[in-house]
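Number of protein chains: 2
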Amino acid sequence: MSQVRFKISMSLDGFVAGPRQSVEDPLGVGGTRLHEWVFPLAAFRSMHGFAGEGVVNESNAVVEASIANIGATVMGRHMFGGHPGKWDAANPWTGWWGSNPPFHHPVFVVTHHPRAPLTLEGGTTFTFVTDGIESALAQARRAAGAKDVSLAGGAHVAREFLKAGLVDEMEINLVPTLLGSGERLFDGTGEDLHGLELIRTVAMPNVTHLKFARRSSGRP
Amino acid sequence: MSQVRFKISMSLDGFVAGPRQSVEDPLGVGGTRLHEWVFPLAAFRSMHGFAGEGVVNESNAVVEASIANIGATVMGRHMFGGHPGKWDAANPWTGWWGSNPPFHHPVFVVTHHPRAPLTLEGGTTFTFVTDGIESALAQARRAAGAKDVSLAGGAHVAREFLKAGLVDEMEINLVPTLLGSGERLFDGTGEDLHGLELIRTVAMPNVTHLKFARRSSGRP
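Just so you know, the sequences run in chain order A and B.
The numbering used here applies: residue 1 is where the first sequence begins, and numbers increase by one.
The numbering used here applies: residue 1001 is where the second sequence begins, and numbers increase by one.
One should not assume that every hint holds.
Claimed, not checked - Per the computed footprint, the stretches of chain B lying under chain A, defined by three or more beta-carbons under 8 Å from a beta-carbon of chain A, are:
{"#": "1", "region": "1010-1018"}
{"#": "2", "region": "1139-1146"}
{"#": "3", "region": "1151-1158"}
{"#": "4", "region": "1187-1198"}
What the hints contain is simulated information worked out from the structure, not anything from laboratory work.
None of these values were measured; they are calculated from a predicted model.
C-beta: ideal position from N, C-alpha, C; glycine also.
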């Protein structure tokens, strides 16, 4: 069965977004600092269609591997963004990513707000799932076929997946800074890693990539 | 001037002690898991006078370096332990470490409870400082001479030192597990590392050693 693979950037004090997140400031105050390591990388720039070469280093290899073999994505409502109460023809919020999002596969958005599916350019569709994470995951697995499912976050839906033991692989990109406040990834997620264990560390000056996988998976 | 060097073990979810710490369970529930990586190491076993060889690996080198060139230690009241209201001749609490503690140099305990200094075997003295961290640090610097001062924790006094910008070097031994609750190191410590930056990472399967130092120190 396809794996559920989750990756997220986290500060040394455990925050995955800064305080006062909003549609105008989706990463929260200071949240951009969690992602500065990824912006210069070739894999990131290519995925988002930016011009120029980009940096090729060990972090780039981590990002390339994290993108490879993904057939579908699950994300939470806040990651998709917008004001769901205003989702209608006059306010056609289609996510943060413009007309051609970088997914290029089906994306399932866990939300309480029903909405018709969206088909954007480049093979990205957004399907809005109102009956919970297990339903979203089942639909994503079907869409992914032999490929894996990416759990894109944010923190809330990621915590739900972790607590349910539904994450097979988790990459924590630990950024050596403090945010001081905001949203924590690990908050009420329990006293263990739900079957995950550290299997690989890549140490860079501006980020530490900590890869966890399921103990029973037989992976290296 | 001598450096103030701080090291502590922290879970992936940011806890440096488990919940419900007490004299009977000073590390809190599950807190022992933060320290399992250190127990087998040769440097740890030698420091505590345990028999047998012990493991010599990259973590051992980190511990050896952390012990080297320390001339005095500062710690908080909880790290010293005991019930200060009962410190008297009938209840001579002398710390967790027995008659010959592993410090072998002067230790300054930041506390609100005055007490006469203690002299134990092997060169360890405990001096109780009731006028704050700056006074404790000044006394420790005088005692250390050309050597460095170790900030031994716990979390409360460490936070005070961090917020005051008094830490020159910080080693976070990040343990890939969750405690779920307990005492966080970084809680109200602000939105930056108070002049510290990541200068070295040692990646092991059971711990990631993240060494921070002062940007202005000119260290590698």
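Here's how the hints hold up against the structure:
1. 1010-1018: holds (count 3)
2. 1139-1146: violated (count 0)
3. 1151-1158: violated (count 0)
4. 1187-1198: Holds, because 9 residues of the region 1187-1198 of chain B bring their Cβ atoms closer than 8 Å to Cβ atoms of chain A.
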